[in-house]
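For this one, chain A is given, so just place chain B on it according to the hints.
Top line first, the protein sequences correspond to chains A and B. So for the first sequence, this note's numbering puts the first residue at 39; every next one is plus one. So for the second sequence, this note's numbering puts the first residue at 28; every next one is plus one.
Rather than coming from a laboratory, the hints here were simulated on the basis of the structure. This structure is a prediction, so every number in the text was calculated from the model and none was measured. Any given hint might turn out to be false.
The following label-pair restraints were derived from C-beta to C-beta distances [as the list claims (entries may be wrong)]:
# : chain 1 : residue 1 : chain 2 : residue 2 : range
1 : A       : I376      : B       : A434      : 32 to 40 Å
2 : A       : K81       : B       : I153      : 50 to 58 Å
3 : A       : G286      : B       : H33       : 56 to 64 Å
4 : B       : Y220      : A       : A368      : 24 to 32 Å
5 : B       : T42       : A       : G286      : 34 to 42 Å
Computed list of lysine to any residue pairs in SDA-like fashion (alpha-carbon distance at most 20 Å, straight line) [unchecked claim]:
#  : chain 1 : residue 1 : chain 2 : residue 2
6  : A       : K199      : A       : S185
7  : A       : K162      : A       : G138
8  : A       : K104      : B       : L74
9  : A       : K233      : B       : S486
10 : A       : K162      : B       : Q228
11 : A       : K225      : A       : R189
12 : A       : K377      : B       : G210
13 : A       : K377      : B       : P225
14 : A       : K337      : B       : V370
15 : A       : K235      : B       : K491
16 : A       : K199      : B       : T484
17 : A       : K377      : A       : K337
18 : A       : K235      : A       : D200
19 : A       : K337      : B       : P225
20 : A       : K377      : B       : Q228
21 : A       : K337      : B       : K491
22 : A       : K235      : B       : L490
23 : B       : K491      : A       : K377
24 : A       : K235      : B       : F479
25 : B       : K168      : A       : G252
26 : A       : K225      : A       : K235
27 : A       : K377      : B       : S215
28 : A       : K104      : A       : K337
29 : A       : K337      : B       : Y368
30 : A       : K104      : B       : K491
31 : A       : K162      : B       : P225
32 : B       : K316      : B       : M511
33 : A       : K110      : B       : L490
34 : A       : K104      : B       : Y80
Only part of the chain B face toward chain A is listed, based on derived beta-carbon distances under 10 Å [stated by the list, open to error]:
#  : residue
35 : K168
36 : S192
37 : T221
38 : G280
39 : A359
40 : M367
From the three backbone atoms N, C-alpha and C, an ideal C-beta is built for every residue, glycine too.
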Amino acid sequence: MMKFNAVVGAAMALRRVMPMLSIAAIFLTATLPAQAQVWRPEKPIEIVVPTTPGGGIDRSARLLQKIIQEEKLSPVPVNVTNKPGAGGALSLFYLNQNAGDGHVVAINSPNLIANDLNGRGTVKYREVTPIANLFSEYTVVAVRADSPLKRGQDFIDRLRKDPQSLAVSTPTTLGSVNHLSFVLVAKAGGIDSRKLKAVVLGSGGDAVTALLGGHIDAHTGTPSSVVRMVQAGQIRVIGILAPKRIGGPYADTPTWTEQGYKAVMDTWRGVIGPKGMTAAQIAWWDGVLAKAVTSDLWKQALEQNTWEANYLNSSQTRELFDSEYANYRAILGELGMIKQSAP
Amino acid sequence: METLTHILHGFVVATQPINLWYTFLGVFMGTIIGVLPGIGPSAGIALLIPITYGMNPTSALIMMAGIYYGAKYGGSTTAILIRTPGEAASVMTSIDGYEMAKKGRAGAALAVSAIGSFIAGTIGVIGLTLFAVPLTSMALKFGPAEYFTLMLFAMTAVSTLTGKSPAKGIIATILGLMIATIGIDLQSGQARYTMGIPEFQDGVGFVVVVVGLFAMAEVLRGLEGIYRGTSAEAMKIKGKLWLTREEWRRSIGPIWRGGIIGFVIGVLPGAGGTIAAIMSYTTEKRLSKHPEEFGHGAIEGVAGPESANNSDTAGALVPLLTLGIPGGGATAVMLGAFIMYGVQPGPMLFQTRPDLVWGLINSMYIGNVMLVVLNLPLIGLFVRLLYIPQGILYPMIVAISAIGAYAINGSVVDLWLILLFGVIGYIFDKVDIPVAPLVLSLVLGGMMEQSFRQAMTISGGELKIFYGSAITVTLLVMSLISVMLPFIIPRLRAMGSKGDES
Chain A
39 MMKFNAVVGA AMALRRVMPM LSIAAIFLTA TLPAQAQVWR PEKPIEIVVP
89 TTPGGGIDRS ARLLQKIIQE EKLSPVPVNV TNKPGAGGAL SLFYLNQNAG
139 DGHVVAINSP NLIANDLNGR GTVKYREVTP IANLFSEYTV VAVRADSPLK
189 RGQDFIDRLR KDPQSLAVST PTTLGSVNHL SFVLVAKAGG IDSRKLKAVV
239 LGSGGDAVTA LLGGHIDAHT GTPSSVVRMV QAGQIRVIGI LAPKRIGGPY
289 ADTPTWTEQG YKAVMDTWRG VIGPKGMTAA QIAWWDGVLA KAVTSDLWKQ
339 ALEQNTWEAN YLNSSQTREL FDSEYANYRA ILGELGMIKQ SAP
Chain B
28 METLTHILHG FVVATQPINL WYTFLGVFMG TIIGVLPGIG PSAGIALLIP
78 ITYGMNPTSA LIMMAGIYYG AKYGGSTTAI LIRTPGEAAS VMTSIDGYEM
128 AKKGRAGAAL AVSAIGSFIA GTIGVIGLTL FAVPLTSMAL KFGPAEYFTL
178 MLFAMTAVST LTGKSPAKGI IATILGLMIA TIGIDLQSGQ ARYTMGIPEF
228 QDGVGFVVVV VGLFAMAEVL RGLEGIYRGT SAEAMKIKGK LWLTREEWRR
278 SIGPIWRGGI IGFVIGVLPG AGGTIAAIMS YTTEKRLSKH PEEFGHGAIE
328 GVAGPESANN SDTAGALVPL LTLGIPGGGA TAVMLGAFIM YGVQPGPMLF
378 QTRPDLVWGL INSMYIGNVM LVVLNLPLIG LFVRLLYIPQ GILYPMIVAI
428 SAIGAYAING SVVDLWLILL FGVIGYIFDK VDIPVAPLVL SLVLGGMMEQ
478 SFRQAMTISG GELKIFYGSA ITVTLLVMSL ISVMLPFIIP RLRAMGSKGD
528 ES
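In isolation and in its complexed conformation, chain A is listed as follows (with noise of 0.2 Å):
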């Protein structure tokens, strides 16, 4: 009895400070109106990864995670989770579980859009919140060094002849980024994308070990899947699909677009957040991550991992996302693989 008297008491003394509490909150506000709408996190965030520990994606993750540490640019420690599965559409789930909670995060890749047309996934693109593109990874084609198609010329007039006559490999199922940029190379120029002999062979890695022993006569993939062969000689690549030449170990690489053939595939790597967002927490990430990707140690990531420097805030991203939606929507839908049920 003796606690509940002191519990009402509390509450009536509550009672009798709120309406003064929000007199000082109304005055606050309308002083210093910027302050107001500053959100910042409470507890540990958490940055979720579409797919197992190991791969370019984790790597990114892990590597956000400790610049955001070391860099002291959150209150609150990172953490980061695997929620692999189903082309990232697991994690997709996981994250709006959290909606409206500025804490949890993913990273994402183009599966995001692929996965939304093609009915994989059960989120679609426009129930998340952009928040950030980090990196981008224009696709390549590849050959092997001792191959008879030297420059992007050679593969097209091939095609044209015969769609039939290569065997490309497209990591790692049909529909994906790897595969929209084969159809997009040659319906630039002019050939039946319907008819292409596209193999999946596994991972990229698999898809390399296979170019490299003659078993296909080109391969789709990231500028990082094939840089160190490209290194030592053993693989060319004739052409990447990026709006200009990229640097490092590409800087003699010709662009499809230059060889008169435009074509451009981005295996973009972002950041997202869960529906429902507030502007506030867009805000606060964005004053985030556009730090982190200053630092040196990101800078040398890149640099590492052939990842192209490409940093857009929440709202660039948005537009991304669209344009890529509309990009993917023309091109799966010629080669009659859309699936989607009605918006």
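Then chain B, alone, in the frame of chain A:
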């Protein structure tokens, strides 16, 4: 001569106190990771990567390799004692290893695992030292057509795993193949048999099926025994923990054959330790004078596969070091680590960083010695598990299995699956359907189908791709012989005995 200098210098690198320490740390953590089902070497290595930022790359890679091959030592422990493979590659060990434990020979099974792993692991490292560079081209010759014929050859071994009734063997085989088709089909991008469950898009995990079929089924059998009051006495250790002279004699052959099989399979990217273990098991059963003992506690069935899955790790480092190609999950994570340290694995690595390559390879000789020294005394400790009363042991198996299955993907669906496969395993046991053919077809089925269709796409639908190279023809002929063997051998034996009579 230059190479020899590099190799000798590698020993200097490997025996530096700091590297000896990291070798020990690696194999010690590997043993623990191996003992725990579900947590495999790839997850273990991946989780360590952030800690190794800023470490000397040679030391870090020595430690990671230690985890990788160390895990293969630990994987057999739970397989033998509680019929729960700690590692996918230990699946065959849980058949005869557990039967040996039931007969009171758990100590011998654990001992032969450790010694087999040591000898075969060393065979593997010797292979890596001598043949790494020449073998590079062999790995490259394997394209989709070659892989298909290799899987076909491995698949023909199913007849040796079938019990008395071929029909029951076929039921198990086909069920395995059916499970292998669940998930997104890579060649068409279409979902198959996923029943609207997103978790099924990646297929049903091998370890999940195996833990269900072996460990959970065993628990259900045990429960039935307790309920009916017919449960056997706790498994008592009979005789010494060490091998008898007879057991030792029977193990020597399987160990060195397993060592060679494991290394060769390991070199091929994508095949992996599980296939090496299965191929060793079926080989031993075929060569054995008493094949009827397999499945009922034949020591060869432990010695062979445990040796094979260990030398496989050394083989898997061949394509990683010489080509920069990962053959499986753990080596893929190691490749990521190489990149992070700014070291480029590939053909140039042996020239540019001989200290790192040979330091790493030579540390594996030392690591294997450490592992056998570490594991042999542990046997005495581990076998005490068997004295735990059943009322405590069975819940413990369920807990270990559930934690292990959940740790793989953090998926609750996997927990339901181990229960489902536990029930299937229990029913199989009641109606006498063998489990091994299911395991074999599940491992091989997915890869066999995909490589067949990859080859057909590349050839434009022409079957001649399958008899186009020396490798495919050899494997096809071997497959044919393998299928005919059960028919040929009895006749040969009959002819032989007739010859004796006349």
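Holds or violated: K337/A and Y368/B, Cα atoms, limit 20 Å.
holds (15 Å)
Quick one, are K235/A and D200/A close enough, alpha carbons at most 20 Å?
holds (10 Å)
K104/A paired with Y80/B [C-alpha distance capped at 20 Å]
holds (10 Å)
Holds or violated: are the alpha carbons of K233/A and S486/B at most 20 Å from each other?
holds (14 Å)
What's the verdict on K377/A and S215/B, does the C-alpha distance respect the 20 Å limit or exceed it?
holds (13 Å)
Mind checking the alpha carbons of K337/A and K491/B for me, to see if they're no more than 20 Å apart?
violated (50 Å)
20 Å limit on alpha-carbon distance, applied to hinted pair K235/A and K491/B
Status holds; Cα separation ~18 Å.
Restraint status (C-alpha distance of K162/A to Q228/B at most 20 Å)
holds (17 Å)
K225/A paired with R189/A [C-alpha distance capped at 20 Å]:
holds (17 Å)
Taking 20 Å as the top limit, are the C-alpha atoms of K377/A and G210/B close enough?
holds (17 Å)
Take a quick look at whether K377/A and Q228/B sit within 20 Å of each other, Cα to Cα.
The given pair, whose Cα atoms are some 15 Å apart, holds under the 20 Å limit.
Satisfaction of the hinted span 32 to 40 Å by the C-beta atoms belonging to I376/A and A434/B:
holds (37 Å)
When each numbered hint is compared with the structure, violations occur for hints 3, 17, 19, 21, 23, 30, 33, 36, 38.
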